[in-house]
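*Asks:* Fit chains Z and X to the given chain U structure using the hints.
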Amino acid sequence: MSDKKLCAAFAIAGAFAAACSLAETAKAAKAEQEKCFGVSLKGKNDCAAGPGTSCAGSSKMDYQGSAWKYVPKGTCTSIVTPKGKGSLEPIAN
Amino acid sequence: MTMSADFDQGAFVRALLDPELPAPNGIDARHGFPPERRFAVYRNNVCVGLVDALAERFPICRQLVGDEFFRAMARCYVREFLPRTPMLFEYGDGFATFVSKFEPARELPYLADVAWLEYAVGQAYHAEDAAPLPMDAIRALPPDRLADATAVLHPSAHVITSKYPIVSIWRRHMSDEDLSPLELDHGEEALVVRPQLAVNVAALPIGGSAFVRALEDGRTFGTAMDAATRLVAEFDLTGCLQALLVAKVFLSISVTPERQNASRRGPLDHSGA
Amino acid sequence: METRSAPEPNRARVASSLPARAGLGFKSAHFSDIEASAPGIGFFEIHAENYMGAGGPPHAQLTRLRRDFPLSIHGVGLSIGGAGRLDRDHLRRVKSVVERYEPAAFSEHLAWSTQGARFLNDLLPLPYNAATLAHVAAHVDEIQAALGRPILLENPAAYLRFRSSDYSEIEFLREIVRRAGCRLLLDVTNAYVSATNLGFSAEDYIDAFPMLYVEEIHLAGYAEDSDEIGDPLLIDAHCAPIQKEVWRLYDRALARRGPVATLIEWDNEIPPWPLLSAQAARAERFLKKRPLASEDRAESEALHDDVG
Chain U
1 MSDKKLCAAF
11 AIAGAFAAAC
21 SLAETAKAAK
31 AEQEKCFGVS
41 LKGKNDCAAG
51 PGTSCAGSSK
61 MDYQGSAWKY
71 VPKGTCTSIV
81 TPKGKGSLEP
91 IAN
Chain Z
94 MTMSADFDQG
104 AFVRALLDPE
114 LPAPNGIDAR
124 HGFPPERRFA
134 VYRNNVCVGL
144 VDALAERFPI
154 CRQLVGDEFF
164 RAMARCYVRE
174 FLPRTPMLFE
184 YGDGFATFVS
194 KFEPARELPY
204 LADVAWLEYA
214 VGQAYHAEDA
224 APLPMDAIRA
234 LPPDRLADAT
244 AVLHPSAHVI
254 TSKYPIVSIW
264 RRHMSDEDLS
274 PLELDHGEEA
284 LVVRPQLAVN
294 VAALPIGGSA
304 FVRALEDGRT
314 FGTAMDAATR
324 LVAEFDLTGC
334 LQALLVAKVF
344 LSISVTPERQ
354 NASRRGPLDH
364 SGA
Chain X
367 METRSAPEPN
377 RARVASSLPA
387 RAGLGFKSAH
397 FSDIEASAPG
407 IGFFEIHAEN
417 YMGAGGPPHA
427 QLTRLRRDFP
437 LSIHGVGLSI
447 GGAGRLDRDH
457 LRRVKSVVER
467 YEPAAFSEHL
477 AWSTQGARFL
487 NDLLPLPYNA
497 ATLAHVAAHV
507 DEIQAALGRP
517 ILLENPAAYL
527 RFRSSDYSEI
537 EFLREIVRRA
547 GCRLLLDVTN
557 AYVSATNLGF
567 SAEDYIDAFP
577 MLYVEEIHLA
587 GYAEDSDEIG
597 DPLLIDAHCA
607 PIQKEVWRLY
617 DRALARRGPV
627 ATLIEWDNEI
637 PPWPLLSAQA
647 ARAERFLKKR
657 PLASEDRAES
667 EALHDDVG
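So the protein sequences, as listed, match chains U, Z and X. Counting from 1, one number per residue, gives the positions in the first sequence under my numbering. Counting from 94, one number per residue, gives the positions in the second sequence under my numbering. Counting from 367, one number per residue, gives the positions in the third sequence under my numbering.
For reference, chain U alone in the conformation it holds in the complex (with noise of 0.2 Å):
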């Protein structure tokens, strides 16, 4: 055996012990998770809606895919980019 697979074999063997001992402490708080049958995640991934039934009416502005003009407003703008934070500027088409 090459002294670099030697010395992997120690590495994985060390490691894997110091995990299992670290993981052992973790998992209580994980468990709490597991409850509920998943339902706690955010954002369903379930899509609820059936086809044919939203409330959007009948407003042509709905579809319409026209010229560009709308500017981030959420919670990028607490995210700072090395150009400051999340851009506010309409950005032309």
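Treat the hints as calculated values from the structure; they're not laboratory data. Watch out, some of these pointers could steer you wrong.
[Unchecked claim] Some chain U residues judged to face chain Z by a derived CB distance under 7 Å, without partners named: (1) S21; (2) A56; (3) A67; (4) W68; (5) K73; (6) I79.
[What the hints assert, rightly or not] Once the Cα atoms are required to be at most 30 Å apart in a straight line, the calculated DSS-like pairs of lysine-lysine come out as: (7) X/K610 / X/K655; (8) Z/K194 / U/K5; (9) U/K69 / Z/K256; (10) U/K73 / Z/K194; (11) X/K610 / X/K654; (12) Z/K256 / Z/K194; (13) Z/K256 / U/K73.
Note that the Cβ used here is the ideal one computed from N, Cα and C, for glycine as well.
*Replies:* Relative to chain U, chains Z and X alone:
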């Protein structure tokens, strides 16, 4: 009998998807006036329903850019990519790629990676169920043979590498933490897995996604460590394994069969190099 | 409410063994409420397409729900009114959901929703004529053969009509039932929405509907809009409490049909559980007013015996 009347659904669909076109021929409102607004109900149902589906699927992207921007962006996606099956939980597989090329979002370079993460969360939510390997079984593995061991990962497991702190972004939105400024000065590698019913999103040490991908490809832990170390010299193996164990990503770990003449030797001593 | 036509005799139900009670569309947001309060809900209905993933919370929740309540599965993607042939892959998926959960009823829509490989996520209208009749009847046949059971076909909400229609909707539905041997799901809200939008009498529609074949009723809240000349345009929005006009029509339908499984649909802007279950309780009160037809009474008693 009028057999000629099987109508042209293709023309109906073209008008449905292009609001610049008039309503299709052959339809009426009850009063003889143009049926445009009535037809617009169908147009809206198609478009708004799909935008809603994306908004449910990518809630953090939506929070990041705000409802108006998100819906307008999703509308562009819907017009370009319709679902290919009636299973809406599969819809949005191309959304992250679309966002990465979406010009108005170019000032938010992390947005596409957050979309990847959210897509992986959705996939994990619906993935096949499988019981993860219990900790006892992991602890019982012979330490001397772990370097040559291979692993089967949970079918819901997925890793995402990003130049941006996507796990931190994800977490602060999930936990409603105060949104104090977050610096985009480092990348993060995300592990998504659903060992039981709740989806876990964890940050792996840098190099961890290469480690997981190597294991996914059937490589040994030793080879996977090499792959990660090649990318990041100071790869944190213990931290990575810990994250994988806490997230319960392993379904099974197979140690190699003992080699002849090796069984009586001490640990780590079976030769072959 | 007085009705102009006499009750029709009930014939043996063939497509549904749902109890003649009020049910609700299941939303995972309500799962813990349902678990906690064991409410007096007669059954739950789900959309088949939301349970076609491999695993995860949807199946875990539905398995639990199925243990405690009768289940109705409602398809929204088979595109029965589509001009092309049925999507066999999708039919296989529907079949596997139906086989897995063995629901008391499976229903789909008189509408289309796919074109080629594109799913349009809407229930789109079709003209009612000989050509579409042959098409729809063949599709219903194929679905029933695949599932090994008769299905319920639902009347759609209409916003406009086709000049190429030769049949009324009711004639069309009657003919489908005759040819394919399916049964009907009467959506009372759709009837009211279509009647208002197309300018016919909702009461006449209910009075003429082939109640003999109705094995489930849907009720939902509609949204009000108007068209370019200011005429009312009602939308089947599923995002509001059921309006009084719809309750009135429902009562009229029950007078002819006798009590039958009745679903409250609320799919958008989903309300908190108490508001939703109050809608079901209200439907229960309408159901209790009506004498049971003998065949339904026997089933209902058997159900109560099961419950203990």
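*Asks:* Would you mind marking each hint as holding or not holding in the structure?
*Replies:* The hints, checked one at a time:
1. With a cut of 7 Å, the hint placing U/S21 at the interface with chain Z is violated, because the nearest CB-to-CB distance is about 9 Å.
2. A hinted interface residue such as U/A56 counts as satisfied when its beta carbon comes closer than 7 Å to some beta carbon of chain Z; here the least separation is about 4 Å, so the hint holds.
3. Interface restraint check for U/A67: the shortest CB-CB distance to chain Z comes to about 11 Å, outside 7 Å, so the restraint is violated.
4. Because the closest C-beta pair between U/W68 and chain Z is about 5 Å apart, less than 7 Å, the hint holds.
5. With its C-beta approaching chain Z no nearer than about 4 Å, U/K73 sits inside the 7 Å limit, and its interface hint holds.
6. For U/I79, the suggested interface contact is upheld, since its CB lies about 5 Å from the closest CB of chain Z, less than 7 Å.
7. Only pairs whose Cα atoms come within 30 Å are accepted, and X/K610 paired with X/K655 is accepted, the gap being roughly 17 Å.
8. For the suggested pair Z/K194 and U/K5, the alpha carbons sit about 44 Å apart, so the restraint of at most 30 Å is broken.
9. Pair hint U/K69 plus Z/K256 holds up; C-alpha atoms about 28 Å apart against a cutoff of 30 Å.
10. Our distance criterion of 30 Å between C-alpha atoms is met by U/K73 and Z/K194, whose separation comes to about 20 Å.
11. Restraint check for X/K610 and X/K654: satisfied, since their Cα atoms lie roughly 18 Å apart, inside the 30 Å limit.
12. At roughly 16 Å between alpha-carbon atoms, Z/K256 and Z/K194 fall within 30 Å of each other, so this suggested pair holds.
13. This hinted pair checks out: Z/K256 and U/K73 have alpha carbons roughly 23 Å apart, not beyond 30 Å.
The structure fails hints 1, 3 and 8 (numbered hints given earlier, in ascending order).
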